[in-house]
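Protein chains: 4
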Amino acid sequence: MSTAQNRERPRRSERSRQAILAATRELISESGYAKVSIEAIAARAGVGKQTIYRWWPSKGSVIFDSFLALSESGDGTGIELPDTGDLEADLKLVLRATAAEFADPDFERPIRALNTELIHDPDLAEQYRDKLARPVDDAKKARLRSAQQAGQLAADADLDLVLEVLYAPLFQRWLLRTGPLTAEYADSLVDITLRAFRP
Amino acid sequence: MSTAQNRERPRRSERSRQAILAATRELISESGYAKVSIEAIAARAGVGKQTIYRWWPSKGSVIFDSFLALSESGDGTGIELPDTGDLEADLKLVLRATAAEFADPDFERPIRALNTELIHDPDLAEQYRDKLARPVDDAKKARLRSAQQAGQLAADADLDLVLEVLYAPLFQRWLLRTGPLTAEYADSLVDITLRAFRP
Amino acid sequence: MSTAQNRERPRRSERSRQAILAATRELISESGYAKVSIEAIAARAGVGKQTIYRWWPSKGSVIFDSFLALSESGDGTGIELPDTGDLEADLKLVLRATAAEFADPDFERPIRALNTELIHDPDLAEQYRDKLARPVDDAKKARLRSAQQAGQLAADADLDLVLEVLYAPLFQRWLLRTGPLTAEYADSLVDITLRAFRP
Amino acid sequence: MSTAQNRERPRRSERSRQAILAATRELISESGYAKVSIEAIAARAGVGKQTIYRWWPSKGSVIFDSFLALSESGDGTGIELPDTGDLEADLKLVLRATAAEFADPDFERPIRALNTELIHDPDLAEQYRDKLARPVDDAKKARLRSAQQAGQLAADADLDLVLEVLYAPLFQRWLLRTGPLTAEYADSLVDITLRAFRP
DNA sequence: TTCTAAACGAGACGGTACGTCCTGTCTTACC
DNA sequence: GGTAAGACAGGACGTACCGTCTCGTTTAGAA
Chain X
0 MSTAQNRERP
10 RRSERSRQAI
20 LAATRELISE
30 SGYAKVSIEA
40 IAARAGVGKQ
50 TIYRWWPSKG
60 SVIFDSFLAL
70 SESGDGTGIE
80 LPDTGDLEAD
90 LKLVLRATAA
100 EFADPDFERP
110 IRALNTELIH
120 DPDLAEQYRD
130 KLARPVDDAK
140 KARLRSAQQA
150 GQLAADADLD
160 LVLEVLYAPL
170 FQRWLLRTGP
180 LTAEYADSLV
190 DITLRAFRP
Chain S
0 MSTAQNRERP
10 RRSERSRQAI
20 LAATRELISE
30 SGYAKVSIEA
40 IAARAGVGKQ
50 TIYRWWPSKG
60 SVIFDSFLAL
70 SESGDGTGIE
80 LPDTGDLEAD
90 LKLVLRATAA
100 EFADPDFERP
110 IRALNTELIH
120 DPDLAEQYRD
130 KLARPVDDAK
140 KARLRSAQQA
150 GQLAADADLD
160 LVLEVLYAPL
170 FQRWLLRTGP
180 LTAEYADSLV
190 DITLRAFRP
Chain W
0 MSTAQNRERP
10 RRSERSRQAI
20 LAATRELISE
30 SGYAKVSIEA
40 IAARAGVGKQ
50 TIYRWWPSKG
60 SVIFDSFLAL
70 SESGDGTGIE
80 LPDTGDLEAD
90 LKLVLRATAA
100 EFADPDFERP
110 IRALNTELIH
120 DPDLAEQYRD
130 KLARPVDDAK
140 KARLRSAQQA
150 GQLAADADLD
160 LVLEVLYAPL
170 FQRWLLRTGP
180 LTAEYADSLV
190 DITLRAFRP
Chain R
0 MSTAQNRERP
10 RRSERSRQAI
20 LAATRELISE
30 SGYAKVSIEA
40 IAARAGVGKQ
50 TIYRWWPSKG
60 SVIFDSFLAL
70 SESGDGTGIE
80 LPDTGDLEAD
90 LKLVLRATAA
100 EFADPDFERP
110 IRALNTELIH
120 DPDLAEQYRD
130 KLARPVDDAK
140 KARLRSAQQA
150 GQLAADADLD
160 LVLEVLYAPL
170 FQRWLLRTGP
180 LTAEYADSLV
190 DITLRAFRP
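Chains as they are written, first to last, in numbering that gives the first Met the number 0: chain X, 0 to 198; chain S, 0 to 198; chain W, 0 to 198; chain R, 0 to 198.
Heads up, a few of these hints could be off.
The list cannot tell twin chains apart, which means a pair is met if one copy fits it or any two copies do.
Using 27 Å as the maximum straight-line C-alpha spacing, the simulated DSS-like pairs for lysine-lysine come out as follows [claimed, not checked]:
1) K139 x K58
2) K91 x K58
3) K34 x K140
4) K130 x K58
5) K48 x K34
6) K34 x K91
7) K34 x K139
8) K91 x K48
9) K48 x K58
10) K139 x K48
11) K34 x K58
12) K130 x K91
13) K140 x K130
14) K140 x K58
None of these hints come from the bench; they were simulated from the model.
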């Protein structure tokens, strides 16, 4: 569901909303975050600026919603991580994929744009946690919980902390460009994490 | 030494340089990153805009230099971490202090401003690593190396990785506001890290 | 009668029409011509914008009708100028009153607003002549004709021209603020006109 | 030499000023008053909007200056009316020309635009009187004074009033389109005026 | 000490984008 | 079907800054 959608006011033009979100996504991909302006979005979407200001409180929330719309189309409830029984192998698969994604220039620009907004806007960050991060984190934690039951992970491990130890180094490397995001690096993080949280 | 200082052009006004860096720091502290503009800096510093454009390539580099100037005054070469022989205690002391610093609203605004620039400007990020992060990291690694020699840490541990596992979760929590930065959390990170990298 | 009134469509809401005209008058009096917008009129009248656009072709015609409504209430057919037999005295009385009216700030704003519209909209100007100016001019010409019969005015005088010589200087002074609109000035105009058109 | 040479001198770009005034004139002639916007003027002149806002307080004053610039080029001090000794003939010549000018559609649009601004802006009206109207009026009054000395006009006639009686009816007819501006009409006005003010 | 060229403060310039206001049209829901 | 409400595309408003570009005025090093 969209940030500003309101069931009691169905007067909103779905056509315009989609055009705005699509234009935002296109502009970020093409020109990068710096060149995304409300005017450019409105022009690209064939929409009056007021229609954007009417429904979104800030440029950041438009950008956020343009991501949200993407993930919604793929119905976030059904996310699931591989569970072959081999935790190490499963995690390495997933973390290598994440590293590859961050390293892909096509993915980089939009994600960097999104993170820029999250850093400055606590409200947006909260929405991010609720609507985008949580479903994914829940899926990851489900896999970890399964590993706990299989005795591969300490039963009392704080799963949020596990995820932080697993992902935060990767995220920081990417954000500040402090090192390469290789498959080996992903593997190292999995190894370290499993050692830290083994029973 | 400043980013753009040039020994061959001693004509540069040190007075103006200091006024610009001071004005930048003040503006960030008072109004937050969003309201810091070149025009505002110039006006506050009582300086022509051209004097800023002449010596700095971007707003980000002015902001960066305004931080650099601060840390220079305290001559960064002499940084040293406590070494009581008790690695766990020493690390917890340091990490608790870091967590407290990030949680302090007065520190938060400038650091967040700096990070915003680093995310978007790879050149700046490189300078950050070289001039601000490296001295601190070197001090931290010196302490870790001492721990390795004392057999408290695996001899083959990648110290950069150790620092990432130790600090990245804290950094991520702060940046995305995904959780509280308490002393307990700092302690947990130390515990986890020591478990992961013990001999 | 209203510009757009239509006897064959009794569906029109008289309530809305009156509210619109009243709101228009109020807005002109309060804020002056520049701040009168269709949106402001609709909001003040508690009326949808479409109701205005449905029944009036332009903002000017709403303004015009808001004047027309005023003069209608006082049934324009019965206008008559004083006729004491002394043309000079009668004209001076009338012209002094006109000068005082123009000089009154409360009258000034609305009349200036109306004239602005008339200048730019020939259709409106025609309506003005037919519905507002003619009845008054006819009354004035009746008085002049009476004076012709009494031998106080040249029998072949073009009465439209007499009115122009009498009133246009006053109107121009007011519109362009080229001089004060005093009783003496009004008297001068009467004197000049009588001298020009005496038998 | 003096340390403060021309401190107050505004560093205004004459190039931009001329471009703005020319663009304004062109836009009024082409599209009429309604379509003249600051943005259009700036775009046509190849100038930033701020450059207009920096030097002119209102759209009206830009329009006014665009007229002023025209009349200045022809050095207003040298205006002189024909003086053949025959006042009636001279005035008819002049008034016929004025009537023709007002009737010419090419002249009409700009003059109407200017008058719209004058009606609403007392400051502008004052400038108009001082800078545009006065020189012309002085020339007209010079001719009338010459007629007074020749005994063709009452020695005590108020020349400002003479001009009003002569021109205001014409101006009013044109502004409100209350009648045709023919040569005959111009002649009538001269006849009436001479009769009113003869010795 | 004088000269000269740079750096300087000031701020105008052509522009881009902002966020607001209004236009005239269109849509929805009520009456 | 007229109405109140108000969303819509569009466009102008007046403001804030951008980065560049003159202006005179310091000012520091070379002559």
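Worksheet item: So which hints don't hold here, by number, going up?
Response: 1, 2, 3, 6, 7, 8, 10 and 14
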